[in-house]
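Undergrad: In case it helps, the numbering used here puts the sequence shown at residues 159 to 425.
Be a bit skeptical, because a hint or two may be false.
Stated by the list, open to error - Keeping only pairs whose Cα atoms sit at most 27 Å apart, straight-line, the calculated BS3-like set for lysine-lysine is:
#1 K318 <-> K329
#2 K332 <-> K318
#3 K332 <-> K407
Claimed, not checked - Simulated restraints on C-beta separations:
#4 W231 <-> V336: 28 to 36 Å
#5 K329 <-> H182: 37 to 45 Å
#6 V411 <-> V234: 24 to 32 Å
#7 A235 <-> E385: 35 to 43 Å
#8 L226 <-> I288: 40 to 48 Å
None of these hints come from the bench; they were simulated from the model.
We put the CB at the ideal spot given by N, CA and C, even for glycine.
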Amino acid sequence: MADQETSGQMLDRFVSVLSCFSVHAPVATAADVRERTGLPPTTTNRLIRSLVERGILSQDPRGYKLSLRFVGWAEVAKAGSDLVEASTPILAELRDRSGESTGLALLDNDCRYVINNCSSRRSIVFHTEIGQTLPLYAGSGGKVILAFTDHLPNLRRLTKLASGTITSRAKLEKELEVIRERGWAYAQSEREDGLNSVAAPVLDASGLIGSMTIGGPAFRMGEDRAEELGLMVLDAARELSLAIGYQGKYPPVRDTGDTQNTTIRRR
159 MADQETSGQM
169 LDRFVSVLSC
179 FSVHAPVATA
189 ADVRERTGLP
199 PTTTNRLIRS
209 LVERGILSQD
219 PRGYKLSLRF
229 VGWAEVAKAG
239 SDLVEASTPI
249 LAELRDRSGE
259 STGLALLDND
269 CRYVINNCSS
279 RRSIVFHTEI
289 GQTLPLYAGS
299 GGKVILAFTD
309 HLPNLRRLTK
319 LASGTITSRA
329 KLEKELEVIR
339 ERGWAYAQSE
349 REDGLNSVAA
359 PVLDASGLIG
369 SMTIGGPAFR
379 MGEDRAEELG
389 LMVLDAAREL
399 SLAIGYQGKY
409 PPVRDTGDTQ
419 NTTIRRR
């Protein structure tokens, strides 16, 4: 409990420092931060130094200011908000058609994070929490992202998360080739034992941004339903992609130099 409290207090202090900056006061000195937060000088200096080292604050001749990383984060937040609105009815319809939980996750550097979901109405369900961060190499939603992008992060070590996790790079790359051929991915107990899923890529005008999934217990989502559900999620992901501005080939193809088929995007 003590460690949790210490971590929570540290996070609160970082937030209090960042809250010192606003449109009306975009630049602040260390003295300004101390005055606005009430933190001791040594603590203030240590927090500011840590934020500068991590590229969250940048130095200005007049003091410190929020770095341009916040511009990118703001765009991610804005895109996420628009996507939630556009995806909600599509995810709900997909849930009703499949009978299983559905979700939408966005690519974010070396992982994917859930921005919307729709839980199954059945008594036994699997679903991911909004805001949850998930790996790219485990689960259909991550694999389908890897299949349609040249961005292959941290594949030197594929940590085993469940009984079906692919821990061999060669096996994973072979699986990605299969996914590219058919346009959708299937996973069995890769991220969590007993959880199976299918997924398809989601794209906007700039290219690949994430994936849409159907997930449920293995006894309802066995191999006998994989193709049926795979084509179902493919149709829904295509519908969302077109709704948010994608105009290229779907399922997409990897970038081969043809600008009309470029699907690569990194957030």
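Undergrad: Evaluate each hint against the coordinates.
TA: Comparing the hints with the structure gives:
1. K318 <-> K329: holds (14 Å)
2. K332 <-> K318: Given that 27 Å is the threshold and the Cα spacing comes to 18 Å, the pair holds.
3. K332 <-> K407: holds (23 Å)
4. W231 <-> V336: 28 to 36 Å: At 35 Å between Cβs, range holds.
5. K329 <-> H182: 37 to 45 Å: violated (55 Å)
6. V411 <-> V234: 24 to 32 Å: holds (25 Å)
7. A235 <-> E385: 35 to 43 Å: With a Cβ separation near 36 Å, A235 and E385 satisfy 35 to 43 Å, so the hint holds.
8. L226 <-> I288: 40 to 48 Å: 27 Å Cβ-Cβ, so the 40 to 48 Å window is violated.
Hints 5, 8 from the list above are not met by this structure, while the remaining hints are.
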